[in-house]
Each structure stands twice: as structure tokens, then as C-alpha cells.
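*Asks:* First to last, the sequence lines map onto chains R and E. Heads up: the first sequence is residues 1 to 515, going by this note's numbering. Heads up: the second sequence is residues 516 to 828, going by this note's numbering.
These are calculated hints, taken from the structure and not from any lab test. Heads up, the beta-carbon is just placed ideally off N, CA and C, and yes, glycines get one too. Don't take each hint at face value.
Pairwise CB distance ranges (calculated) [unchecked claim]: (1) E/Leu801 with R/Tyr19: 50 to 60 Å; (2) R/Ser146 with E/Ile636: 13 to 23 Å; (3) E/Ala812 with R/Lys65: 32 to 42 Å; (4) E/Ile536 with R/Arg98: 38 to 48 Å; (5) R/Gly410 with E/Ile547: 45 to 55 Å; (6) R/Val73 with E/Ala646: 52 to 62 Å; (7) E/Ile636 with R/Lys374: 31 to 41 Å; (8) R/Asn22 with E/Ile547: 39 to 49 Å; (9) R/Arg98 with E/Ile647: 27 to 37 Å; (10) E/Leu822 with R/Glu241: 57 to 67 Å; (11) E/Gly607 with R/Lys374: 32 to 42 Å; (12) E/Val811 with R/Ile118: 35 to 45 Å.
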Amino acid sequence: MIETGQNNYLEMQSIVKRYAGNAVVDHVDFSVDKGEIHCLVGENGAGKSTLIKILSGIVQPDEGKIIIGGKSVRIDHPNIAHKLGISLIPQELNLLNRLTVGENVFLGVEPKNSFGLINWEEIHRKTEDQIYKNFEIKIDSRTMISDLSVSYRQLIMIARALQWGSKALILDEPTARLSKEEIKRLFEIVRNFREKGGTVIYISHHLEEVQEIGDRVTILRDGKKIVTEKVKNLNLDKIIEYMIGKKKETIVSSAKTMEYDKTGKKKLLEIKGLLNKKVKNIDFDVYEGEIVAIAGVTGSGRSEIARAICGIDVREEGEIRLMGKKVKIRKPDDAIKSGLIYIPEDRKSQGLFLRMPVFKNILLNTKTLENLSKLGFYLLQVFKSTAQKFVELLNISIPSLGVPCDSLSGGNQQKVLLGKWLTMNPTVIMLDEPTRGIDVGAKFEFYEIINRLAKKQNKGIVLISSELPEIIKLADRVLILKKGKIVKTYLKKNLNEAKLLNLITTIEVEDETEH
Amino acid sequence: MKQNIKSILRGILNSYYNIYIVLFIIFVIGLISHPVFGTTRNLINIMRQISVLLIVAVGQNFVILSHGIDLSVSSIISFISVLVVSLLPVVGIPLSILIGLTAGFIIGAINGFVVTKLKIIPFLVTFCALAIYQGLALYIVQGQMKNIFNPNFLKYFSSYIFGIPIAVFYSLVIFAIGTLVLTRTTFGVKVYAVGGNEEASRLSGINPHLIKILAYAISGLLAATAAIILSSILRIGHARLGLGYELDSIAAVCIGGTLMTGGEGSLIGVLGGALIMGVLKNLFNLHGTSPYVQQVATGIIILIAVLIAKKKS
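The following block holds chain R by itself, in its conformation from the complex (with noise of 0.2 Å):
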């Protein structure tokens, strides 16, 4: 523990949040300096995102107090955040892209002239003289949002955090979409708020940015609290150390199987010379049985090349073979008709047809409607059963197929997507953070059935997660992303999950790959 004095800004103490009876948020104490830049750092589903959503007021505490230059303070809505000076600067930036950068800083606080209308010369006035004098940039206060690359328009969030008065800016993931000399310049404006008296908690994957830019960390683990130090007094080892924790050994690795054999398999999927903004160059290939991961951080475009592959996404070159066969996908119907498939990981958004029953939903791609029709016409009959087949594989469990899946629990839900998928018979199944969302119990059944389709049924997996443990748990081979290009290639033998962490998350890797 580190001292703290007079200096403190905000404190929260032993704050708790749970979702469905599970902490997520477990009786963490969390304090910031007034004048530093503290760093929050944990792995996916650590509570880093429900602190910070409870600290800006999206997220009520179910226990614990927030202090504030000494009072206690309730934060129960954005606004009231904003009063008290804390201002969150998301990852997707909420600014109105269709009005002009001065409307935006000055959005809801617009000074009057004498007739009570809006004065907009002082407007884009005081906008540029606040954006030259806090980060010496000079910009048109006139120009549309929608005119600027994403490392402006954080800077414009940030100088409109200012224009409300806020003291904190809380960053959540700010350098995701940014260059490395747009890194460079939010990191000066950073500090530069810093010098002002400004404080700052800062969010980020990327634990060499913590060290470059960080005066202090905070480090959680499954919902609790681990550590608050110097960052100078921990080196990257140290820190990630803390982040994985001493799991028990079961979680990581009790379904430890053989090293994957290739001897004697095919060559499913073969991918070659994968082109386009998102991703560069990407070569990979899977064979039966294997289950083959996909690590990097947000951003650093996973599920791009599996949009790409299958034809969501514009592919601008690259190579597609399946089964030693060139198959030619220009958009996704030709990927389902050849057997290679993408579950993607929003399963609301992208995967499911919420009000529609459950029946219909597992049966929705279109070479099983094809397959299970004649003429375009089908059977409720045939329907039915064929869902119930998969409803019962899947241990799914409804009151009936009828019912609609937005009634279903994320587990479920996620089941009956890839339900979806298996009754086509797919030949490589790409799964998109497949147990997102979901709780325990759920997500080892999820590994189960994942482990079943690659050992037992021979099908090509590609696993594209966030979740390390679930990586290190179920991959024979993880290809390191970086940018959108596969920077390395691992063999399970050769990984652990603080070697991955460490992997993922520092910049630089020698180029070299394993076969």
C-alpha cells in the first residue's frame, strides 16, 4: 500500500457490484491523487470497466462509499459526474459527429448574447484559444467532427471535458485506434493536463504504455483488488504476475489433452496473402481436429480476418483454400455453401434473430434452409425435429422450440448459435469470443462441446478470444496478432498465459514463427 495525504482527489471504498448474485465488483478500495495519472489495469473481466462505469455514474454501487475532496458523494447518473468534475472518455467516442468541434465542447453550456441567442462567434472563439492553451494545437473550431482522424476527435473530448469544468478524465483504452505518433501526442496532452493539476486514471491493455506513461497502478483480479504501487517499483513481469494471479491448476489446464499430432491429418483451411485495412498479409492454415487461437488485443483486428475470410468484410487479396480446394468467397452465402463459417461475438447484434423462435433461429443459414426445404417450401414437421436434434445435442435448455430467444439466458442464447451453425455440418467453424457474457458453469460446457467438435468430429477451429485462460486451456497452436498481422506463431507446449499477456501486449516482437 502506498501512502496517501492531504493530496488525495477521490477515493472509492470497498465498493461491490454484482450482476445475477456474482461480484464483479468485490469490495474494491480504490484511490486517485489529485495531480497523477493512475493506471487501472486487469484482464478481461477483472472489473476494471464496472469500477470506472460506477465511477462516472452509468453503473449504481450495490455497496460502498465514493469520496470526493473529502465528502461522501452519490454518482447516480453521468451527470452528476460531470458536476463533480469526472469525466469519462470512452473507447467509442461520443461526440456528434455532424456538428462542428466548437458546438461539441460547448454542447449543453452554450454562452448567450444579449437577445438569449446563442453567441457563436464567442463559441469558436474561446474553443480555440482553450485548445491552443491547454494543448498548444492551433484548430478551426468550424470544422465538422466528421472531418477529423480519431486521435483529434479524442482531443476534443477531452478539451470538452474541460469547457464542463472536470478535474478527472478517466481514459479507457485511448490508444486502441491510434498511430504510434498519435499515441505520442494524446500521451503529451496527458501530461500536460497533468502539470495543470489535472488527474488522470487511465485504462489500457497495453501494459508498456502503463509503464511509459503511469504514475501509479492499480491492479485487479477477478473483481478484487490485488495492488496499489509506484510503477517504478514493478517491473512488467511483476505486473502481469499480479494480474494472472496463482490460478489453480484445474481452470488453466485440466483439460490438458495430447500435444496435437499433424501426422496423418488434412489440411483443412488454408489461408494465404489475406489483404485489407484491417489486416495485412495474414498466412495461416488449420487441419483436422485442431483448434487453432487467435490472440491479440482489442483492436488489433481478430475478428477482422474472420470477417474477411468469410466475406463480410472487403477482401482486397488473398488466397482461400479448403481442403487443398480454391473456393472463391464474395460474401458470406459462399463461405456457409462451402462449409467454412464465422460465429461472431455479438451474438445480439450480429448472431441472433431475437423475436423469433428458438426452432427457427438454430435452423437460419441458408444451406440448411436449403437443405431442409423443397422448392423453397418445408416442413413445420421436419423443422422441428431437426432443431429438437440440436436443442437436446446442446443440452439448450427452453420451455419449448416455440419460444423466442431474447427469453433465453447468454448461455443459451450462445448455444443456440452455434446450434445455428452446426447443422449445416461446417467443415472450419470460426468462433468469435464464444463464451463471452456467459456465466461459469456455461462456459465450461461451452469448452466441452468445442473440445468434442475438434477432437471427436475432426473439424478445423479457429478460437478468436480475449480470454487467455481460455485460449491457453483449449488451443493446440496460437497465432499472435499484432495490428492485423500475425506477428508469431506458438505451439500450446511452448505458452503460458503470463508468457501470452506478456506476448499480446508488448509492442515489439522479433518476427520469427514456429511450425
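Please arrange chain E on chain R, whose structure you already have, making use of the hints.
*Replies:* For chain E alone, kept in the frame of chain R given last:
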């Protein structure tokens, strides 16, 4: 047994069918409030009026299910009416009907094409189409109406079978086909899928643009069908024949419980919606209610019906 009845009752109360309760109430009010309402003649009259609306509403339902809206049905009716009636003496019945139906289908498909490929919102696209085909209809007949003299045309589309207007049979056949398509074909599944979640439907291999274009084309085709029947009933081709059908058909679909955002709804509900609209209009006319008051009352009653239908979730 008791459990069974209970669950059936709850099923009725919680489904589209509760608009049939509303219909029943309106019907009873009609029987009590006016002696003529319950007469066979009047009921047949109601059926004939509703049958045309039902045909248009079936098409409208396809469009709304696919997350669109078709404001142009009324001017398609007017346009096809003057087109077919003008062609009738020149090319004969089969060809004029074929041309009329094809034109309706193509007009709808163009709407769908503009909506999907040029990415203009459905309201605006069909709003413009409403003006365009209304104008074309007026231009063709120069504002005049055209009488129908072909007795066979009248026989095919406005005669009676067993005392029931032939239009009722046409509408029931179309209703049955529509129901079959929505509940027993993969196309139907795709319409719901596209309306429910367009991005997910694309990822499932469906071509959402094609499905939407077909939905608008079906709406155009059925509007053209309605135009032929309506022209025959009134024995004229008229450039304002379809007036009001866009709102009435949307109202019927809406009352029927179809979500305006698409993806959910049934034709059983739409049938109920069309029946409510028809019975209400008939009642107002019987009571000699002023057309102005009728509009006010219709608006309020639609709101109430939609509110009741909404309760099901």
C-alpha cells in the same frame, strides 16, 4: 382439463388474437346500435369492402415485416386502374390484366431497388413513388374517369358466387397463399430474419437486399390486383381510385400486431386489423357520421387498438 382451458384462454389473451376480442366488441356494439348492421346485405357489403383492403394489407405486411413501409400502394392502385381500363378495349382481358399485374410488380421492385441499392429510407422512396404514379395516372386519363364496358371483365371480378362477392374469394385465396409463404417457405423465414436483424441475416448467408426488393414487389403486385378488382366493382378506371389505401393498409397491419420495426407479425392479425377497419367504417356510414368526425374517430380507435395489441408482450 381446467389447466388446459386456462392456458388456452391465456394463449388467446396474449397473442395476436386479442384484437379479435376488440373486433367482437365493436361488432356487438354495431348489432345493438343499428338495426341494419346485422342484416345479410350489410354484412356482404362489409365483406366486399374489406376484401380489397385485405389484399393490399397482405402486401403491406410483407414490406413492414422486412423493416420497410410502402406509402405508394394507393397511387399504384390508381395508376394500374387507369392503365388496365385504358388497355381493356385495345388488347382484351388477359393481356391487360397481365400487363397490369406485371407493372405493379415492377413498380414495387423499383421501390425496393431504390431503398436497398441507393440506400434511401423507405418512407421517402415510397412517398416519392406515391406522387409519381398518382401524377402518371392523372396524366394518362387527363383527369377524366374511364368507364368499363366489357361484361366479362365485370363477371370475372365483381360478380357474386352463392350471393357472396367474388372479391371475397380472391382475397381469401391471396390471404391463404400469403400465410403459406410466410409460415411454410424459406422465403417467409428470410423475410422475418431480414426484418428482425438485417446484419445477422447477412451473416447467415441471406441476401437482405433481394428479400426486401421482393417484399416491395409483392406489395406492388397485390396493389395491382386490388386495383383490378376495385375498378371492376366500381365499373370505372379512376386516377384517384386508391386514395386512402396507403393509410388504411398500414393501419390494418399495425392493428394486426405487426411490429413497425419489422421481424414480427402474422397475417391472422392483419386479417383482424382489416376487419376492424371495415366494420368501423361501415358503422360510421350507417350512423350517418360526418366524414370529418369519422377520420377523428378512426384515428383514435386505431391508437386504442394498437395499444391493446401491444399489451401482449
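*Asks:* Now tell me, hint by hint, if it's right for this structure.
*Replies:* We went through each hint and held it up to the structure:
1. E/Leu801 with R/Tyr19: 50 to 60 Å: For R/Tyr19 against E/Leu801, whose Cβ atoms are near 59 Å apart, the range 50 to 60 Å holds.
2. R/Ser146 with E/Ile636: 13 to 23 Å: 20 Å, holds
3. E/Ala812 with R/Lys65: 32 to 42 Å: 58 Å, violated
4. E/Ile536 with R/Arg98: 38 to 48 Å: For E/Ile536 and R/Arg98 the Cβ distance comes to about 46 Å; the hint holds.
5. R/Gly410 with E/Ile547: 45 to 55 Å: 53 Å, holds
6. R/Val73 with E/Ala646: 52 to 62 Å: For E/Ala646 against R/Val73, whose Cβ atoms are near 58 Å apart, the range 52 to 62 Å holds.
7. E/Ile636 with R/Lys374: 31 to 41 Å: 37 Å, holds
8. R/Asn22 with E/Ile547: 39 to 49 Å: Given a distance of about 59 Å, which is not inside 39 to 49 Å, the answer is violated.
9. R/Arg98 with E/Ile647: 27 to 37 Å: 30 Å, holds
10. E/Leu822 with R/Glu241: 57 to 67 Å: Distance hint for E/Leu822, R/Glu241 holds at roughly 60 Å.
11. E/Gly607 with R/Lys374: 32 to 42 Å: 37 Å, holds
12. E/Val811 with R/Ile118: 35 to 45 Å: Holds, since E/Val811 and R/Ile118 (Cβ atoms, about 40 Å apart) stay within the stated range.
Violated hints, listed in ascending order, are 3 and 8; each of the other numbered hints is respected by the structure.
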